[in-house]
Structures are given as structure tokens and as C-alpha cells.
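**Q** Read off the chains here:
Number of protein chains: 2
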Amino acid sequence: MYSAHCFSTTKSKAVQRAAAKTGSGPRPGPRVHSLTSPLSSSSPARALSGLPKGKMTENGMASRGKVLTIDTMNPTVKKVEYAVRGPIVQRAVQLEKELREGAKKPFAEVIKANIGDAHAMGQQPITFFRQVLALCSYPELLNDSTFPEDAKSRARRILQSCGGSSIGAYSASQGIDCVRQDVARYIEQRDGGIPCDPDNIYLTTGASDGIVTMLKLLVCGEGKSRTGVMISIPQYPLYSAALAELGAVQINYYLNEEKCWSLDISELQRALDEARRHCNPRALCIINPGNPTGQVQSRQCIEDVIRFAAKERLLLMADEVYQDNVYADGCKFHSFKKVLFEMGPEFSNNVELASFHSTSKCYMGECGFRGGYMEIINMDAEVKAQLTKLVSVRLCPPVPGQALMDLVVNCPQPGEPSYNNFMKERTATLGVLAEKAKLTEQILNTVPGISCNPVQGAMYSFPRITIPEKAIREAKKGQAPDMLYCMKLLEETGICLVPGSGFGQKEGTYHFRMTILPATDKLKILLSKVKEFHQKFTQQYS
Amino acid sequence: MYSAHCFSTTKSKAVQRAAAKTGSGPRPGPRVHSLTSPLSSSSPARALSGLPKGKMTENGMASRGKVLTIDTMNPTVKKVEYAVRGPIVQRAVQLEKELREGAKKPFAEVIKANIGDAHAMGQQPITFFRQVLALCSYPELLNDSTFPEDAKSRARRILQSCGGSSIGAYSASQGIDCVRQDVARYIEQRDGGIPCDPDNIYLTTGASDGIVTMLKLLVCGEGKSRTGVMISIPQYPLYSAALAELGAVQINYYLNEEKCWSLDISELQRALDEARRHCNPRALCIINPGNPTGQVQSRQCIEDVIRFAAKERLLLMADEVYQDNVYADGCKFHSFKKVLFEMGPEFSNNVELASFHSTSKCYMGECGFRGGYMEIINMDAEVKAQLTKLVSVRLCPPVPGQALMDLVVNCPQPGEPSYNNFMKERTATLGVLAEKAKLTEQILNTVPGISCNPVQGAMYSFPRITIPEKAIREAKKGQAPDMLYCMKLLEETGICLVPGSGFGQKEGTYHFRMTILPATDKLKILLSKVKEFHQKFTQQYS
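For the record, the sequence lines run as chains A and B. For the first sequence, the UniProt record's numbering gives the first residue as 1, with consecutive numbering after it. For the second sequence, the UniProt record's numbering gives the first residue as 1, with consecutive numbering after it.
Calculated directly from the structure, the hints in this document are not laboratory data. Do not rely on the hints blindly, as some may be mistaken.
No copy is singled out in the list; a pair is fine if it fits within one copy or between any two copies.
As a list, the in silico DSBU-like pairs of lysine-lysine whose alpha-carbon atoms are at most 30 Å apart [stated by the list, open to error]:
1. LYS78 with LYS224
2. LYS389 with LYS105
3. LYS79 with LYS216
4. LYS216 with LYS389
5. LYS384 with LYS477
6. LYS384 with LYS97
7. LYS476 with LYS384
8. LYS506 with LYS389
9. LYS79 with LYS224
10. LYS216 with LYS384
11. LYS259 with LYS216
12. LYS424 with LYS522
13. LYS389 with LYS79
14. LYS531 with LYS104
15. LYS389 with LYS477
16. LYS259 with LYS524
17. LYS488 with LYS79
18. LYS384 with LYS224
19. LYS97 with LYS152
20. LYS105 with LYS152
21. LYS506 with LYS536
Turn these sequences into a full structure, and let the hints steer you where they fit.
**A** Structure representation (C-alpha cells):
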């Protein structure tokens, strides 16, 4: 007999549920504060729980203490920080809840400009993409005459590549074959015909997954031999979080705020030379267009970076998830792959490059699907085999995300029934983003004490804010001054931004990151509230 | 201006693509074989590439050698093994390709019984689930009168909980609120009213993701203080792979094959006592119903395990992804949570438990969506905060998978329009699985030299096979004897199984894992081919 419990809904479990508040009891043992490893006894859990080894309670249980405590958990996990969803966002969620429950606040709604989450801010999905996803989910719809033929043919092609023609089957761990072929063709076309081998494409669970996987391959050695990885400051905190978790050394190079967050090779050299004294630098990460700083790198700069990586024997990691988000006049997206190959075989046959893309940004903004790919160039064959093995442990990236990635790289073509509508939606979305990028920069720059570089690309502005000495002194008691600033902004206006300290910034400078994603009317309200708040804040602490 | 490159399709890039076969060039430096760290110089990459530090080529490049080689990559990644997608599966994929290209083989098709991938083996998705997913993907369909009302109401509820009412928005990192509430209510009903707090539920990217995350929290210490984790042998190789990657100590306890793969507490004690001499055992992992061994634990056994964990201060990890897959008379699924709470506050207030579920198995078999959840009980509040922070770095589990998880725990109820059809599909699928479980056991046990325990639950049989001494000697030259067996089986019959050595087994015993998922007629062919092959193999090596 097999069990077939399908329960009918029982209501009002509230009382029982209240009783279930487990997992929040007091911690038993004394907390050991130590930056060096506190785990030197042969049985750290016992040692730290405050009980002698082997002590038994009456009923034979060794201890009331938890097995897993803050003192006995993985120390590298403790070091992880991720500001984009940090305390300020938790407070924003709480405020939303309080508002829903009728609390009186000086604002009617919380506006979240903390995260590049386009749909959450009202951006509409691309119709064609969602039609194909619906067809893949419920193939009965292939008989529905209201769906356009090109959507159906895309869905059929994807389904034919799935085991049992179902997106519910596991795919190959590297990703569905036909999707990887489409990605390769997309890259070839994007890069003016430079060849791309589908075998070098790995589909991923969002770009984050690919980035972490590449970093994981790189980490080895101890002490001065420990792998170091160069990341820009300000950076997207996935990088620092992943490096902390992997126990790798984070090597900071500073972007030049005075020159619109551009990258100076001399600064790369300084950071590298310094790092070589205490670790083994092996990789250089670039985010272009920039997150959180919104700059778009020039072709010359990319060439210089590649030359530097080649000279210094660094593996290049190019985070290019904003490749369609370029707004400023005179700016253009250049892929690292294309520039590398245009520099000739001296470079294109040698420099190891991993580049990353995603379904989450650009004009589609489909974050929830966790789709993405990485392309690896010049990777050692044995390492590649290890990479393939490593990704197989997680079985496969989510198949709906793979399907979506396919649509991004294989979008409607001229002559197909969905082409016009697709282009209309795509162009409108990117057009609005370009407008908002301009608007954000312009309004912020009217505020004395705020200075904002042009938002050339991506989805963020990262303006510098002047914080009065008095506020800095107040904050020094326990928090970063820009955290104080952003927390006050949230409490007084309902606007949720992320303090610059969560991304890293030059000592003594303060910033916040703000997405340009809120709808234009809301963005205007947001900017005028920031303006008003900044003036008040400055006055209050002067 | 923003870029809006949407490329038209260019064909016949084959020549260029052939030129792009990068990443497979010869490895430059000599390979250093060493089990102790070869990375003692201050710049291991340079040292191992065979070039003196700082040596420059004419054009200023430091070296032709790769930054990342098999010798300079993460040593823990190299130790990872994952048999379910190992060399035998790679060969199967290759054979399929050869067949497609017209190669002559002694078989017309490859039958894959290596992985629990139900849809790939022809199992049909649950209609209701796919209807709701289509509605969530393309909400225009909410106006389509052919969709049932209960599907629409589920979709509306999920969409309302998403940012911007889109499954393309990021969710909370712990998962969508309403889905976690539904999971909690499902667990309460499954467990006869024992309360469940939605705050203890974390949605995951398949169960694998939750398991790896929990293990990650647990790992700390060095040498004799290093975290050890107890896993059953035979095991599902995700566990050994994750432990290898995390550098934790794998502690093997052997299931009792003679007693239908049951778990003996004395064996747990033996394994634990031995392990305490060289590491710090902190967690005990159980898979029930069992993978790869198909046993279903008795309530008494679960109680004994909980008592053991309490006495020995071990955190319990219960992998319960096959909770609906129970086929054998007299067997029933008991959740660890329920048994724990029935044992009284002495246990339910103290023993730390993490249990895992998934959308990939049971009657739904939706592997591609990578949906899952974990419930944590009695977790220290500070550790829980760290867990929440850790999962936030990856932003959120795939939202379509979360939606699917919601449907599994909030399935059609009596009186709802989809109820009858849902129950019909569910019952049919589980009924067929039960039949195939019986069939597999019965036929395998007719083969001299194969003995198969009853497939009480899950989706696998793990029969023991007698391999002649001559075959063992032949295999000893470089591979496990059951790998030789399975590889020959594949080459001669097109049947793809996984050798027992990929899961672990008692020294000197040999097995294979075979799923019961192929359609009944195909399963019969498969079993008769295995029978015939085994007899031939035995003869050949006698």
C-alpha cells in the first residue's frame, strides 16, 4: 500500500503555532569572543557549551546546550556580509508590515530602491517570453490559437530538448544543449562573428551561481599562498560575501570617482603589488556596466585591463549582466570576449576569461527565474572537466530559467509574428530606464552636499553625500555614518536605499546606492524626498 | 542612447566555431602529484607552471601557463565525486549520440535507469500544477475560461505575494511568505496537528541546496576538532560530495543489508566511537525512505535514532524527499518531526533537527523546477540569523519552483473543481510506482547471483550482485568491479545503471542502483536484459 495523504484544510492553528516558536530560546553557554580560532580543544562544541566533556544529565542526554551555536558554527559564514538585503532592508519589510497593520508613519508607503528588482518596481514582463514559458509549462496550450506561432515554435524546440519533453525533467548539468547552442550563436552575433563554442557555455542559477562556482575553483593555498581575488571598490557585495565564505583574500582596487568611476591601471598595479606581499593574487573581477556605480568602461580601458591581466597572470572574471543597460551618449557596451579576440592570438589564445550574463537585468528583469550563463575561454581542459563534475552535484540549473535564457538569446526576429511587439516593449523599457538614469543624476546634483556621477549604464546611481562631523561622531558609536543616514532616511520618509559602506568606499567618503527602477512619478517623489531629507539632516547635525 | 542590438540569425558559423575550440590546449607545466599541499611557495601558480617567478616573455607576458590548472585549483573540489552523473552516464550520452548518427549497436536505444528523473522516463506532470504554473507565467490566461477556478485562485494568491505581482521578481530570501505559511500548514496536517512555525521554513533550490546549506553552517575546526558528519552507507552521493567540498569528515555507518537495509543503533555507536578519535562528530544524516536502498524506517527505529542523537549531541538531518513514495505492505512514512514531538518535551525542546522536502520526487517528479523546503527545529536564534543572512547572498530560490512547492503542499481539496482529476493522476502515478517496485524486486530475485531487498519505498532498487573472481581481478587494474560490470552492461545492452561503488558498500560486496522509473513495458525489457547479461557475464568470467 502506498500512502496518499492529501489533507483537507484545517483552520485556526494559531494557538498551536504560537506554541511552536521553537528555535528562539536563550543560548546556554557563555559567548567566546575571539578572532583567532576558538576551536582548539578536541571537542569544541562541548568545550564551548560550558559543560565538561561527557557530562550527562539525569535522562542520559549529554547536555542541554545546542550542537550548533554562534560560537561553534562555520566561522567563514559568520564573516559573510550582504548589504543589499541587510538590516536596513529588514527594517523596511518591518515598516511595511506596520503600515499594513495601521501604524501611523510620516509616509504612506515604503519605496524600495535598494535592489535591482525591476518587476517588483512595476516593470512589465516581455509578453513573448511569458507566452513561451506558459506554453512550456502547460503544453496543452500549443493547441490554443491565440498564441503566436513563433512562441509555439520556441516552446516546441525547448520541450524537444527536455527529457520526456517536460521542463520538469532534469537537464544536463551544464544546461540544455539547444540553449547552449543558442547562447553561443548570440555571443557570436553580439561580438561581430568571433566564434563561440557551445561547449564553453555553462547555464547557471542566475549570474551569482556562476561567479561563486568560478571563485570556488580558484581558491587554494594557505597563509601567503592563499588565493587572492581583485575586486573593485565600490563592489557588488556578492563578491565580498563569496570570498569571505570561501576563505579567499579580497584584494580591493578603487574606482576613480573623480573620473566617473573609471578604472585606472595604476591603481590595479598598486593593489596587486601590495597584495603580493601577503597572498597569491590569481583573478581580477570587473563589473561592466558597473554595479553599484553605473559606469560603462571604454574599449581602451578594457584592452588595458586585459593587457594587465596577461602581464600579471590573472584570470579575468567579467560580470556583464547589464550589457543591454547602456544609456549615456558616447557610451557603448564592449564585451571582454570581443576585445580579447580583437587583440590577437597573443591574448586570445592565452588569457583565461570567464564572463557572466543573466536573465535578471537588461530589459527583461526576470530575477525570480534565476537564469544565467557563463562562457569560459582558455580554461585548462582538466579544470574544465572538474568544473563539469562540480556543477553536476547540484544536478542542473532551474529549467524554466534555462528556457528564459534561451528566449533572451533567441528573441523574435524581423518577419516573425511577435517581432514588432517584442521590439516595442524592449525599446520602451530601455527608453524609460535611460530617462530615469538622466533624471536621477540631474535631480541629485541639485542638492547641496550630494554629488552624483552620470548613470552611464546598469540600474544604479551611487552618489557621494556629505555627512556633517557631528553625525559622523554620533554614528561612530556603533554604525557606519552612511548607515545612520540611510536608516534615518528610511524612518522619516519610507525610502529604502543601501549605504555605501555596504559596497565599500574610500575611507572618509560616504555614499548610498539607489536603483533607478521606481516608476518615473515615484522616482520623482523619491528624489524630492531625498533632497528634502538631506537638507534637514545637514541642518540637524550642523 | 541605449544599445538595442537584437541580432538577426546568421547561419553556418561552423567553420568559425571549429576555430573556437579554446580551452583544450595542452597543459604547460609538469604535473605535481602530491597528497600533501603542494602550495608551499609564496606563489604556487608560478612555481607549478614551471617558470621562475617573474619571468617575462618578449611581449611582456609573464608566462604561457594557465593561471588555473589541475594542480593549482581548489583541492577540495578535486575530491568531489558524484556517481549519479559520473563516467557511466557520460558514456550513455555519447552512445545516444552515436545511435542518432546511425552507428550500429547491439541495442536500438539507451535506457537510463541511473537517476530519479521521472518525467524523463515518461511520467506525466500533474495537470493542475502545470495549469497554475502557466497562469503564473502568463497572467493573461486568468481571463481564459478553460482554466479551472481553483487553479486560477491558487495562481492569484501566489502572484499577489510576489513583488509587482510577477514571478519574475525576487522573493524574500527565505521564500515567499504565503508559500512558507502553506508549507507550515501542510506539515501540521501531515504530522497530526503538531504545530509548525512558518518562520522555521526555508524554501530551497531543490533539497540538495538545503542540505548543502545546513552542512555549510556546521563545518568548523581543524585536525581532531574538524566537524564530522555521519552518513549512511550506501548513501546518496550528494552527501559525500558536499562533505568533500566543505572539507568536513565523512563518518560512515553501514545499513544492514541482511535486514532489508535497516539501521542498527549499535552500528551508529560503533561508527561514532571510532570517529571521535579523529574528528568532532556533530551531525547525523538519515535518508528515509532510503536512497539508494529503498527501505522505509519503522517508527521504533526513528525513535531510537532520535534518542541516540540526543544522547550523543548530534544535530539531525532528515532527508524526507520520498515521503509519499511508500509501497510495501505494513510500511508507513513517519516524519522525524512528528516522532520527535511525540517523544515529549525532553526531546522536542532540545534535539536540533533539519528536515528536507522537494518537488522532484513523490508523485509529482518535477525535478527541473528545483523546488524544495527545509524545516529547522530548535535551531539557536543567532545561528538562524546567520542562516538567513547566508541564504540572502544568493538572493532567492527560483520563484517558479517556489510556486510549485506551494501547489504540492496546497493541493486541490475535496469539493474543488480539480480535486477528482488531481487525485486520479496522483493515485495512478503512485499505483504504477508500487507495481514497478514489486516487479523489479521479483524479477531481479529470479536471477542466480543477484539478490534484491524489497523496494519498500523511494524510487530505487539496490540489488547485490555476485561478481566472479576473474572479473574482480580484471577490474582491479583500474576500476571498481561493479563499474566494470555496469560499463559492460551499458555497452552490450544500452542499459545505464550506477555501480554500487558510487554510493558506498561494504568491502567485498557489489551492487548497482537502478531506478524503478522506466515505463512498465520498458522496465520489463530492462530487467530481462539485465538477467540475460548477468548470466552471460558470470559465464564469461567463470
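**Q** Hint by hint, which ones does the structure fall short of?
**A** Hint check: 11, 20 fail, others pass.
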